[in-house]
Every structure is written in C-alpha cells, then in structure tokens.
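From first to last, the protein sequence lines are chains A and B. Per the working numbering: the first sequence = residues 4 to 121. Per the working numbering: the second sequence = residues 37 to 149.
The set of hints was computed from the structure by calculation and includes no laboratory data. Keep in mind that a hint or two might mislead.
Said to hold, decoys possible - Residues on chain B that point at chain A, a partial pick, calculated with CB under 7 Å: (1) Tyr75; (2) Pro76; (3) Gln78; (4) Gly79.
Since this is a predicted model, take the numbers as computed values, not measurements. Yeah, the Cβ is synthetic: ideal placement off N, Cα and C, and Gly gets one too.
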Amino acid sequence: EAGVTQFPSHSVIEKGQTVTLRCDPISGHDNLYWYRRVMGKEIKFLLHFVKESKQDESGMPNNRFLAERTGGTYSTLKVQPAELEDSGVYFCASSHRTSGSPGVDEQFFGPGTRLTVL
Amino acid sequence: AQSVTQLDSQVPVFEEAPVELRCNYSSSVSVYLFWYVQYPNQGLQLLLKYLSGSTLVESINGFEAEFNKSQTSFHLRKPSVHISDTAEYFCAVIKAAGNKLTFGGGTRVLVKP
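Extracted from the complex, chain B is given alone in its bound form:
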C-alpha cells in the first residue's frame, strides 16, 4: 500500500515571497507522483506530475517540484507567489499499473498582500 504525508496543513505566506510545500511518500513499488491544486469553489486540477526522466518538473504558472527517490519526497516550490495562488494543494501518488490515487492531507496556502 502507498501513503502520502504532507507535513504542513496550512502555510501563510506574503505575496512575492517563496513558498515550499513538503510531501513525503511511502511505497513498496514504483509510483508516479502528482501535485493537484484546488482553488476556492473549484475542483481539483493537475498542477504537475513526475512519471520518469528529469527529477525536476515544472508547471506553466511557475511552480516546480523535485522528485527525490532516496528521501521519498516530492516537495513543491514557487520562488514568488501571487494572491491568485491561494488554494489548497494536494500531493498524490499512483502505482504505474494502478488505478487509484493516494492523496496526502492537503496544504492550505494563504497568500497575504
């Protein structure tokens, strides 16, 4: 079985400051890793994913995440946040041949002006 731990339930951050959301996972088999974002009153949207290849993956809106196999981590970072980044962020894993996502508990990011 897989498990995902998001170490911070809430992260307040000032606009234009950097942010890091931590995600650690546990799995006995190889997995793919994802970050989803849920903006207020909306559904979950895929932010970025790691399937294979380069361990650093980027999103179109400035987020990046690095897969670290030895530390079983997939932390999400953004060097400068905007008010519009206020949302809840979910880390998730799935087995390569699997069908179900296993989610972490979510991290609420509140960007303050």
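The following block holds chain A by itself, in its conformation from the complex:
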C-alpha cells in the first residue's frame, strides 16, 4: 500500500510568487491534515479535511493560504503571494477514521515539501 505522497519535495521561489503544494493521502483515508514546521520551531497544525470538507482550519496563518480537496482525494495548498516567513517544511498526513475517538486514529505522514522563499 502506498503511503502519503507529497509533491514537490523541494520548492524555491521568490517573494511575491505563487506556489502550490500537493498531497496524495493513503487511498481510502477520509481525513487529511496539513502541518507546517518553520525553521527552528515546532510542527504546527494548519487544517483538517474530512473528505472534501474543511473540518478545522484554525491553524491557517492568513488568507494568503488556500487549501482545497476537490473530490475528497488529493489536496493542494496554495500560497499566494509567498512571503519570506512562509519558508519551512509542509507536511501532509492522513488517517482512516475507525473509532468514536478521532484522536485514536493514527495519522500517517508524508515526507514533506521544503519551501524556501527568497
């Protein structure tokens, strides 16, 4: 079974440009999460999809970030326009809800996309 995949693995862009990150979750996983690790800081939650619906987007830093999950399969995270402070590693994770306590469901992480904004 394929794991969570993310594309690209690295992206280097100029300030003010647009970048789109893609995440393909494990097949059959309804839950999809985005996290971000800014250099030297903790990994922080950005948002959570259940199928195609945004369940929680409380971690999105500002309106320059737009996440979509059309059809409930893969997801994209667009940053427009990118700023220097957006640099970091963006992780995607997915889980298959199997119990009444969602916290129990293991989140499987992708390898991340390293974004560098110059």
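Given the coordinates of chain A, work out where chain B should sit on it, guided by the hints.
Then chain B, alone, in the frame of chain A:
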C-alpha cells in the same frame, strides 16, 4: 489548549549507550500521547503511543516510554542505541475527541560510533 515541551534540542550519544528524551506536556483535558521519529530525508513515522491502560508502552525497535500523569511527562528511553537510531524525535499530544496533533520542538539524536 495543549502544549508540549521537549527539554533537549540535541542529544549526542555513543553507540550502545542508553538514551532518554524528555517530554512534558500541559493540557486541561485528557490527551493521548505519541512519539514520532523522522529519519533523514523521510517523513514522520509513529514510534509509539499511549492511549490508556499500562503506562509503559514499547516500540518494536527497543524504545519505551512511560506516561506519568502526576508529572505530566512522557519520556522516551532506549537502553542501548544503534547508529540507525540517528534521527529527530517528536513528542506530540492530541485530545481524545480532537483532530490536531500538538508537537514539541523535536530532539535530534546523533549516535556516534
């Protein structure tokens, strides 16, 4: 809200020596606790977790962690490390009915021969 503190950002250790990675958390509600590991150039992998029951949990590769409710800690230990244990280790918590993991800052373990 929850918070997680990993007290050591880096831990150098010699091969076959023991290692302990410290993790303390703060939460007003019950949480589940996790340790994730990130090997070089790979994604995060779940190492072990505490949901309920026995406070001592073990992984398949020799790590163990003990949940201490009174000290709000979930320290990770291995009695004898290998070169292949070189990685970054993350402690994390999640509310039982929650959807988002709260991570500590990570601890880089460098195993030296």
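Worksheet item: With 7 Å as the cut and Cβ atoms as the points, is B:Gly79 at the interface with chain A?
Response: B:Gly79 check passes; min Cβ-Cβ to chain A is 4 Å, inside 7 Å.
Practice prompt. Would you check whether B:Gln78 satisfies its interface hint, that is, whether its CB is within less than 7 Å of any CB in chain A?
Written response: Nearest chain A Cβ about 6 Å off; hint holds.
Discussion item. For the restraint on B:Pro76, tell me whether the closest CB of chain A is nearer than 7 Å.
Written reply: Constraint on B:Pro76 not satisfied, violated at 11 Å.
Worksheet item: Quick one, is the B:Tyr75 hint okay against chain A at 7 Å, beta carbons?
Response: violated (10 Å)
Hints 1, 2 from the earlier list are contradicted by this structure; the remaining hints agree with it.
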